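**Student:** These protein sequence lines are chains A and B, in that order.
The numbering of the first sequence is my numbering, which starts it at 1 and goes up by one.
The numbering of the second sequence is my numbering, which starts it at 236 and goes up by one.
Simulated from the structure, these hints should not be mistaken for lab results.
Misleading hints may appear alongside valid ones.
[What the hints assert, rightly or not] Facing chain B, a subset of chain A residues (Cβ under 8 Å, in silico): (1) L58; (2) V60; (3) T62; (4) A82; (5) R85.
[Unchecked claim] Chain A is nowhere near these chain B residues, computed Cβ spacing over 12 Å in every case: (6) M293; (7) R323; (8) K433; (9) V498; (10) M515.
[As the list claims (entries may be wrong)] A short, non-exhaustive set of chain B residues, derived as facing chain A with CB atoms under 7 Å: (11) V248; (12) G322; (13) L561; (14) A564; (15) G566; (16) A567; (17) R568; (18) D571; (19) I645.
Note that the structure is a prediction, hence the values are computed from the model and not measured.
Each residue gets a CB set at the ideal place from its N, CA and C atoms; glycine is no exception.
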Amino acid sequence: MAIPLLEARALHKTYVLGGETVRAVDGVSLSIERGEFVAIMGASGSGKSTFMNMIGCLDVPTSGQMILDGSDTGSLSSDEMAVIRNRKIGFVFQQFNLLNRTTALDNVAVPLIYAGQSTVERRAKAKAKLTELGLAERLDHTPAKLSGGQQQRVAIARALVTEPLMLLADEPTGALDTQTSTDIMGIFQRLNEGGITVIVVTHEPDIADYAQRRILFRDGKVIEDAAVSNRRKAA
Amino acid sequence: MARIASMISGWAVNVSIALTALRTNLMRSILTTLGVMIGVLAVVLAVAVGSGAKVSVMESINTLGSNMAIIFPQPESEGGRRTETRGRLTERDAQALEKQLSGIVGIAPQLRATVQLVVQGRNASTSALGITPGYGVVSNITSDVGRFISDADVRTGARVIVLGRTVATTLFGELEAVGQSVRVNRIPFTVVGILESKGSSFGQDNDDVALIPISTVRQRLATGNNLQGPDDLHVLFVGFEDGVNLPAAKKDMTEILRNRYRVPADDISPFTIRTTEEFMQESSKVTGIFQGVLVAIASISLLVGGIGIMNIMLVSVTERTREIGLRMALGARRRDIRNQFLVEAAVLCMIGGAIGLMLAIGVAALFESMADFPAPIGLGTSIMAILFSAGIGLTFGGYPAVRASKLSPIEALRSE
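So that you can see chain B by itself, here it is in the shape it has in the complex (with noise of 0.2 Å):
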């Protein structure tokens, strides 16, 4: 006990002569820090704006729907034999795949059309997504104006649409869109509703867009191109249950519908099947690339200041070796002199390492406000950064602090 008050007293008493020799060169002090300061504040921006990029590219995929697989009628591109069969998707596999699959939520089978919307000569170009209700299950999402296309509208292929928010703005303006006519490529259809903002994702307006019965699609608005029989897809989401192990659920996929298709064992198969966790897993590969090159490039700045801190603490070493000679012969040994000077260069990376944190904290206050991009700093980060600083002084302050505790007394005293 006494043992362990006499090492905090000691370490408290380096701390105190480590400010006092701050103190006596402030301008000199300051200066060194701010190299610390502005490393330390480059290193937990570039952490924080690399997390934010994570959580904005998670934020993205997340209104896709939380749990889903995409089934795409092309062949996945890399490795294997290719296949023969040119990929095919028909509704026949989606009704499958319902019915063979466990913890489905919903099946959306898509077909998708470029159109032109017009009303009273006012224009919109969008992507119509022909559509069954499913698709609301699956990418959670549905009207808040109105109602959403239901399984009538895909029985009957009723002209309906319901129209994204941007896309409503830009027919429509203020006035009330739902019960008014469009012409869909010169077809008269009804709005019958209003999709919730969806925001954007990776730069792309997630409201630019327009849903139709999946049948009237197919009946009324050419999709021509790639379509095979009289119910292909250009795309098929199957939304599952949460807690569903969706690397298992795309191998039972991939074996159903290799099973419809007869694809043979070495073939490549004509349809690529991605899940959500997969783009998760990408996207967290990639922002993680990019924030590890962000708090690379940042590190530079902070290794600089790190050699600032040895060079002065050299500096002073060297101005206070009577002072140090003086300590030895009142009874100081080695390591206490050198934990006297690793203290100091810690002590002053740390007060620069907290400045740099708190201008941090700034910065990204400012850049989340202003630019509406997340830069979170979190108390994992800041107790990093601080920890970090006073590594980079006990680093670089201890060369100049060993040396210190290697001097001779006897010359040291005798130094002017």
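Just chain A, with the same shape it has in the complex (with noise of 0.2 Å):
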């Protein structure tokens, strides 16, 4: 069998917060395999936020090994693990995180720039991602004249343009309506068929059916990881 996606074992992440040890990541091992869609739930202080940014090569475990595509992120320098971020993983943001007075095209093309791609090449390629997004008459719109949907779409295409491994979203559709909600999830599943890997973190149960496969942690613990019965599909 190939070698999983990413596969974390015995996973820990402690911080001393007021002299108290938090054990935001206690004991997780799982894997998760390329073209997956996964949903990671649970309430706010259940270690999926940790646990995202340890996949996401934010930040490293305190004990156990997170292996992405092959290598141990726990043994990288802060520039390989940025080079991570950039090749292999694409962020989607609850709040966008779109820069202000930068238009849509530039916008897409900023992870280019730290893959020291040529402009001509940034450019057609954020054109091209933006125009799969269905943006193209939205190239030159800076966020504030996007409606939420569609800055979201801006995200997406940012996401994707590098061509990574997988797609990170953290809580993709807490800004947004349910009609938005839905056509940004039909968006992810519509990518996962396409054969990138999805992983969405969420604490919305509703949001969490439009994955495959469903992961719940609560006190820094997975207590179920299993298949989502009644899958939605969005389109």
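Can you join these two chains into the complex? Each is in its own frame, and there are hints to help.
**Tutor:** Right, dumping it as structure tokens:
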């Protein structure tokens, strides 16, 4: 069998907060295969965000291993982690996190700057991704001139522009209305069918139902990891 | 090649990010860069005024004649055992030097007297130089109306006088002076020429002078003080050809004169020899210090400007913490973030520096036209000013930029 995209082995992350040790992630072992659509669920403080940060190479475990695409992230330098974030991971955030006063096209091109690509390449690829997400008419719009759903689509285009192995979305629908949320989840499903691994962190059960597999966190531990029985289809 | 190209494009991206960021807070950017602008203005002007002082001092020295030694019959005051011999310098010494030295273009023995010139109720007090025609050669001066003092004048002790431009104007106004009679200390002289103008140096009018044959001064005008013999001189100018080694010539002259007066080896010389080269060196030292002090004072304002840059960059980093976190999540390495803020500070400073430089050029031009004081701003100074501004940006932007690059991506992303 091929190596999994992502494998957590006895993963721990502890913080010291006000003299008290907090076990944010407390012994998690699981693996995610290429092409899966996974929802990570849990209440706030359940450890799901900390876990996501470690998947996203934004943070390293206190103990245990996080093996991403065959390499142990615990042994990487901050520059090497930056390269992995750039090449292998596409982030989507709740608040979109687009740069104000910067056009949709330039927002999408930002990751390519750090991939060292030329202006011509960057513009061409960004334009292609925005077109793919139905925003061909909005290339020169700044975020202020776009609706929430359009902004999130720009953010998804930005996440995809480096052709990453996986999309990592943190509460991607948290700032959107129901209809727009459905649209966005539909986009994720379509992308997933195209082969990309999608990991969505959410606290909404409705949203988790668009995934194939649901992993439930509580108190830093995985308490449930199962296939979604009644999977929703957006389209 | 591709690596270099991507590096260049990386910097170009940083510049464009910087310009966007600076435009976003336009008012703040302008106020911040004002500090650097004023600083660069002050420093560039200080450099310009300093160079101007240097130039005008050099020009003043050049009016003396370019390659020359001046011998005074006074012992050098510094160090050594005091000499018993009172300083003397005679025409015989002058002839001996002329005979024994090589590379001489002329010698100019000189007697000085303060004289009162009177012409039809108008009068002028000036210093009369008793000279030989050699003075014209050594000091590179001639009459531009009438003639100069001639050998015949000196031989016969003729009562002729060549007036400096200022004296001529005082006595004769617009009238023709050459051929007119003028009383010098009540003795009638004939004006035979007017000197070409030599302007002024060190605030002294070089045209407020009158030239008279040395023999005439000796015979007719009281020169009294400290002359001991019938052919004593006040000053002797020795002019050298271009390319003569003046320090070596000075040594030779000292040797010749010490031998003539049999000065014991450990006594100090009863005369002083100064060369134009020494004047140049001394004045360039003085003007160099002058310029250094000016620049140092002006640099304080640049320092203050730099601190302003650091302050505003720290604010900018704090305001854009979330953007920094986002860029890190999208793959920016620490050095990418650091460079972004460094470039922003450098661009801010260079814009300020460029404006400051342009203002300085304007003010210097104003100086030159209104105060007639040269304040040259060369290409070198301009390039230095711009590079220096960038340096200020990199220095004072360094700490905020490093601080930005050390942020944790998670915490930066979480910040509001």
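**Student:** Decide, hint by hint, whether the structure agrees.
**Tutor:** Comparing the hints with the structure gives:
Hint status for L58(A): holds, given a least beta-carbon distance of 5 Å to chain B, under 8 Å. The criterion of a C-beta within 8 Å of any C-beta in chain B is not met by V60(A), whose closest approach is roughly 11 Å, and the hint is violated. Below 8 Å, beta-carbon pairs count as interface contacts, and T62(A) has none with chain B, the closest being about 14 Å; its hint is therefore violated. A cut of 8 Å between beta carbons decides the hint on A82(A): the least distance to chain B is about 4 Å, and the hint holds.
A distance limit of 8 Å between C-beta atoms decides the matter here; for R85(A) the minimum to chain B is near 5 Å, and the interface restraint holds. Listed as outside the interface, M293(B) is consistent with that label: its C-beta sits roughly 52 Å from the nearest C-beta of chain A, beyond the 12 Å cut-off. With a minimum CB-CB distance of about 83 Å to chain A, R323(B) clears the 12 Å threshold, and the non-interface call stands. In this structure K433(B) is separated from chain A by more than 12 Å, as the shortest Cβ-Cβ distance comes to about 63 Å.
Non-interface call for V498(B) relative to chain A: holds, since the shortest CB-CB distance, roughly 78 Å, exceeds 12 Å. The Cβ of M515(B) sits about 55 Å from the closest Cβ of chain A, beyond the 12 Å cut-off, so the non-interface label holds. For V248(B), the interface hint holds, since its Cβ comes within 7 Å of a Cβ in chain A; the closest pair sits about 5 Å apart. A distance limit of 7 Å between C-beta atoms decides the matter here; for G322(B) the minimum to chain A is near 78 Å, and the interface restraint is violated.
Annotation: interface hint on L561(B) holds; nearest CB of chain A at approximately 5 Å, less than 7 Å. Hint on A564(B) holds. Least Cβ distance to chain A is approximately 5 Å, under the 7 Å limit. Evaluation of the G566(B) hint against chain A yields a held restraint, the C-beta minimum of about 2 Å falling below 7 Å. Among the interface hints, the one on A567(B) holds; its C-beta lies about 5 Å from the nearest C-beta in chain A, closer than the 7 Å criterion.
At a threshold of 7 Å, the smallest CB-CB gap from R568(B) to chain A is about 4 Å, leaving the interface hint in force. At a threshold of 7 Å, the smallest CB-CB gap from D571(B) to chain A is about 6 Å, leaving the interface hint in force. At about 5 Å, the closest approach between the beta carbon of I645(B) and any beta carbon in chain A falls short of 7 Å, and the interface hint on this residue holds.
Violated hints, listed in ascending order, are 2, 3, 12; each of the other numbered hints is respected by the structure.
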